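> Generate coordinates for the entire structure from the input sequences, incorporating the hints supplied.
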Amino acid sequence: AQKITQTQPGMFVQEKEAVTLDCTYDTSDQSYGLFWYKQPSSGEMIFLIYQGSYDEQNATEGRYSLNFQKARKSANLVISASQLGDSAMYFCAMREGSNDYKLSFGAGTTVTVRA
Amino acid sequence: EADIYQTPRYLVIGTGKKITLECSQTMGHDKMYWYQQDPGMELHLIHYSYGVNSTEKGDLSSESTVSRIRTEHFPLTLESARPSHTSQYLCASSPHRTGGREKLFFGSGTQLSVL
Chain A
11 AQKITQTQPG
21 MFVQEKEAVT
31 LDCTYDTSDQ
41 SYGLFWYKQP
51 SSGEMIFLIY
61 QGSYDEQNAT
71 EGRYSLNFQK
81 ARKSANLVIS
91 ASQLGDSAMY
101 FCAMREGSND
111 YKLSFGAGTT
121 VTVRA
Chain B
566 EADIYQTPRY
576 LVIGTGKKIT
586 LECSQTMGHD
596 KMYWYQQDPG
606 MELHLIHYSY
616 GVNSTEKGDL
626 SSESTVSRIR
636 TEHFPLTLES
646 ARPSHTSQYL
656 CASSPHRTGG
666 REKLFFGSGT
676 QLSVL
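Chains as they are written, first to last, in this note's numbering: chain A, 11 to 125; chain B, 566 to 680.
It should be emphasised that the hints constitute simulated quantities derived from the structure, not laboratory data.
Bear in mind the structure is a predicted one, so any value in this text is a computation, not a measurement.
Where a beta carbon is used, it is the ideal one built from N, C-alpha and C, also for glycine.
Hints may contain errors.
Derived list of chain B stretches under chain A, where covered just means 3 residues or more per stretch with a C-beta under 8 Å from a C-beta of chain A [as the list claims (entries may be wrong)]: (1) 577-587; (2) 615-624; (3) 630-642; (4) 669-679.
Shown next as structure tokens:
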């Protein structure tokens with residue numbers, strides 16, 4: 011079964027606007043972590059933000075925020091004030107348990123920022 | 566930020582050749598991983614290691630093999646390359662801490678094309 015589901019294969023956003031990228035996950039573990047990574051066309055994976063299952067506050071890192079809805083098993087990424095450099099592929103990933111270090115990735119969402 | 570290096574960046578090779586993709590990190594991380602990614606698709610874990618002399622197969626079956634003789638080095642070998650091995654291979658590492666919050670640091674990847 012798919013552990014991470016990203017239903018938006020591609021999105022367009024106007025520069026300076028906000029965009030929300032959807033991510034739902036499936037796990038029976040009580041302890042888990044959720045990550046978002048950005049992959050520009052150059053291919054490297056850049057860490058953006060992390061949310062732990064026991065974290066009470068939604069994570070924020072600069073222009074990135076994570077809308078964590080535990081009951082719905084969703085961890086949507088919000089990018090505020092989009093910039094042209096935000097054009098990339100974005101991956102949601104999950105680590106299950108507190109001692110397992112492997113990440114399972116979703117299929118990704120391609121974001122294109124228009125000037 | 567990331568001190569994890571992959572060589573070569575691009576490799577075009579004929580069917581049947583033996584190849585080794587190199588991955589080294591200077592951060593002293595215990596844990597290292599190899600992911601395979603087809604263009605525009607999700608990452609699939611093919612191998613991982615939690616320390617020297619420790620290697621495990623990942624979620625996606627792969628004909629490749631790995632070794633971990635030194636902490637900083639985690640090479641991936643294909644004994645006989647085939648066109649089906651054409652893909653991007655991403656190496657990653659993470660530190661040994663409990664709690665599950667540790668992110669993966671990724672290399673720039675090796676784009677392999679087997680003709």
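> Are three or more residues of the region 630-642 of chain B within 8 Å, CB to CB, of chain A?
violated (count 0)
> According to a criterion of three or more residues whose C-beta lies within less than 8 Å of a C-beta of chain A, is the region 577-587 of chain B covered?
violated (count 0)
> Taking beta carbons only, do three or more residues of the region 669-679 of chain B come closer than 8 Å to chain A?
holds (count 7)
> Given as covered by chain A, does the region 615-624 of chain B meet the bar of three residues or more with CB within less than 8 Å?
As far as the region 615-624 of chain B goes, the hint holds, because 3 residues have Cβ atoms under 8 Å from chain A.
Hint compliance for this structure: hints 1, 3 are not met, and every other hint is.
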